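Asker: Chains as they are written, first to last, in this note's numbering: chain W, 1 to 396; chain U, 1 to 262.
I should point out that these hints are in silico values taken from the structure, not numbers from a laboratory.
Heads up, some of the hints might be wrong.
Claimed, not checked - Simulated pairs of lysine-lysine, DSS-like, Cα-Cα distance not exceeding 25 Å:
hint, chain 1, residue 1, chain 2, residue 2
1, W, K233, U, K260
2, U, K180, W, K267
3, U, K225, W, K47
4, U, K180, W, K268
5, W, K66, U, K225
6, W, K287, U, K180
7, W, K70, U, K225
8, U, K33, W, K40
9, U, K225, W, K100
10, W, K392, U, K260
11, W, K100, W, K66
12, W, K287, W, K268
Said to hold, decoys possible - Just the calculated beta-carbon pair ranges, DEER-fashion:
hint, chain 1, residue 1, chain 2, residue 2, range
13, U, D152, W, I263, 24 to 34 Å
14, W, N7, U, Q238, 45 to 55 Å
15, W, I263, U, R203, 42 to 52 Å
All values derive from a computational prediction rather than experimental measurement.
C-beta: ideal position from N, C-alpha, C; glycine also.
Listed below are the residues making up each chain.
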Amino acid sequence: MSRLEINYALCDGCGTCADSCPFSAIEIVGGKVEFNAACKLCKICVKACPKDAIVYTESEMKSVDKSKWKGIMVYVEHTDGKIHPITIELIGKARELACKMKQTVQCIFIGSNIEKQAEKLLEYGADMVYVYDHESLTYFRSDIYADVFEDCIKNVMPSVVLVGGTSVGRSLAPRLSTRFRTGLTADCTYLDVRENSDLIQVRPAFGGNIMAQIITPSARPQFATVRYKVMDKANHVAHPTGKIIVKKLPDGINSAIQIVNVINKEKKPSISDADIIVAGGRGLKNKNDLSILEELAEALGGQLAVTRPLVEAGWTDYTRQIGLSGRTVKPRLIITCGISGAIQFAACMNASDCIIAINKDKNAPIFKIAHYGVVGDLYEILPSMLDRLKRKEQVI
Amino acid sequence: MKILVCIKQVPGTSKVDIDEETGVLKRDGVESKINPYDLYAIETALWASEKTNGSVTAITMGPPQAEQIIREAYMMGVDEGCLVTDRKFAGADVLATAYTLSQAVRALGEFDLIICGKQTTDGDTAQVGPALAEFLGMAHVAWVSSIDSIDDHGIIVEQDLSDTTETVKLCYPCLITVEKDIMQPRLPSYRKKLTSSEKPVKRLTLEDFYDHNPENYGLNGSATKVERIFPPEAHVEQVIMEGDGEELAQRLVSLILERKFI
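Next comes chain W alone, as it looks inside the complex:
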């Protein structure tokens, strides 16, 4: 088993290790070094120890025959057969990875009366679409969908499984990855693949301004969820060559979940679909000032969005929140006003085509990701911009 041990021939109990630990997992008790359960085995203490008294030993890795697992499988997210655009983004990424691995892009499509819709996936370059079409699969139910998905994975044996980071995807993927006793990395912002078929997954981690690069070195398949609007959509192919394969339901599947009622939500314009966004953060002094941003958004034909503290303060509702606990956006233009740019926010908007950041503090982290960094007071800049935009309209 991997563990940290102390060589007491070298250790003088100086406590440098305890100070270096970001997780407060080390205590010096009676000159002895004690690790508690907060330890993440990050090995920072190993480097920090001035006496080299901390030794890390790694156990042998479990092994898996990686050559038996081939291809990239994409879970097709849909409502009543209408395919969610995240699926097309996942196919785009899967295509890119599959080309590197010289393998195929496989889709799994679970629902009822969906066979016709499956053709659309071929137009985006899927090599195989496995269709499980049955009345009992009309609505998403985690247990029965997992059973069907399991059947497909057992038959096809994909190396990688990509699932949209949506409500359905985030409920379904952990059931599957657990069933196969394998790894699942949530909300990946970057994916690549190595020659040995290991998927390189990058995501914001530790709830802080840090990215983590994660692999699943000794288990297959490798599961990852990806948020909507992070990857580029797959291109249309002129002459689709893929196949639709209709699969039978595995025997004896049953759901413990009974659907009582389903209501289609009223479709409100979502910030995820906006082309232009004006976003406000803690640099705003009070709730009423949001109206300046709203007016600017309106003048630009865009939408208003905010950061988490503003939602928590009750200034507006969470459907307008950009961030890990809100939505991911990828507009053509985003203007951030009084936003410092914490990673939870930045990770969910930094794929935008053009980022204009307005902030008084020239050291704000938002300026690291902005294409145009505007150091100034939003209360001076925004009203003047509005005024100029209105005058432009009159001229036109």
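Following the hints, complete the assembly by docking chain U onto the known chain W.
Answerer: Leaving out everything else, chain U in the frame of chain W:
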């Protein structure tokens, strides 16, 4: 009816810096608190237990100091508390965490209903709840936004999916993860604080589990490995604008028009 609520201690702030030269995380003096989403889970559990004349057990996995959040749960009215802690659990990913919890649940006995918060503010994955349900072989419904009815036989809940709201009925045993705002969490009570100050918190370690094999826990039992951590990349091409408000506004409007955003 026996109800279990799963909670976690998280850093009090999400502000974490990284030393760019050494790549070392800096988490100086960060206080810990109960994961805010878990307060809704605790409230839902207490509500469900009042409706069904049941009992609520709170469980958490973490370092010894995580006992504090069990104390907080006691102050809200939770009946029993359990801290799952062992150095051998260190470095656990979703798979190993859910497995450890599933072993702990088995050690505690049978539960009819397990409730989790929608996600934590430090990991933000929302994966442990469904993974735990899978290990325990029970059905789960995530993103529960309200409960229509509950009795000794089952529970009817509304599940918030992106385009639809599904009302579904579940029989026990089952697991639900609840949305923020499902119910307004009660405040800790001073009287309960006094009466629970001596109340024991049960501790479970690897020794107490059915599966004793340390290879199945912590970093060894994890399927994912963190290869490296690094600060987010900066964009390469950048234009920085400084000046007075009028001048900046004028440059921005020209930019928006030139690039044909409108």
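Asker: All hints, please: hold or fail.
Answerer: Hint-by-hint comparison with the structure:
The suggested pairing of W:K233 with U:K260 holds, with an alpha-carbon distance near 23 Å, which does not exceed 25 Å. Of the pairs offered as hints, the one joining U:K180 and W:K267 holds, with about 21 Å between alpha carbons and a cut-off of 25 Å not exceeded. For the suggested pair U:K225 and W:K47, the alpha carbons sit about 19 Å apart, so the restraint of at most 25 Å is met. Distance restraint check for U:K180 and W:K268: the Cα-Cα separation of roughly 20 Å lies within the 25 Å cut-off, and the hinted pair is therefore satisfied.
Restraint check: the Cα-Cα separation between W:K66 and U:K225 comes to about 17 Å, which is no more than 25 Å; the hinted pair holds. Only pairs whose Cα atoms come within 25 Å are accepted, and W:K287 paired with U:K180 is accepted, the gap being roughly 22 Å. A distance of roughly 21 Å separates the Cα atoms of W:K70 and U:K225; the hinted pair therefore holds under the 25 Å criterion. For the proposed pair U:K33 and W:K40, the alpha carbon gap of about 19 Å is at most 25 Å, so the pair holds.
Between the alpha carbons of U:K225 and W:K100 the distance comes to roughly 23 Å, so the proposed pair stays at or under 25 Å and holds. Of the pairs offered as hints, the one joining W:K392 and U:K260 holds, with about 14 Å between alpha carbons and a cut-off of 25 Å not exceeded. About 16 Å separates the Cα atoms of W:K100 and W:K66, which keeps this hinted pair within 25 Å; it holds. Pair hint W:K287 plus W:K268 holds up; C-alpha atoms about 22 Å apart against a cutoff of 25 Å.
Between U:D152 and W:I263 the CB atoms are about 28 Å apart, so this pair conforms to the stated range of 24 to 34 Å. The supplied range of 45 to 55 Å is met by W:N7 and U:Q238, whose beta-carbon atoms lie about 48 Å from each other. Here the CB-CB span from W:I263 to U:R203 is close to 45 Å, well matched to the stated 42 to 52 Å.
Going down the numbered hints, you'll see the structure goes against none, and every one checks out.
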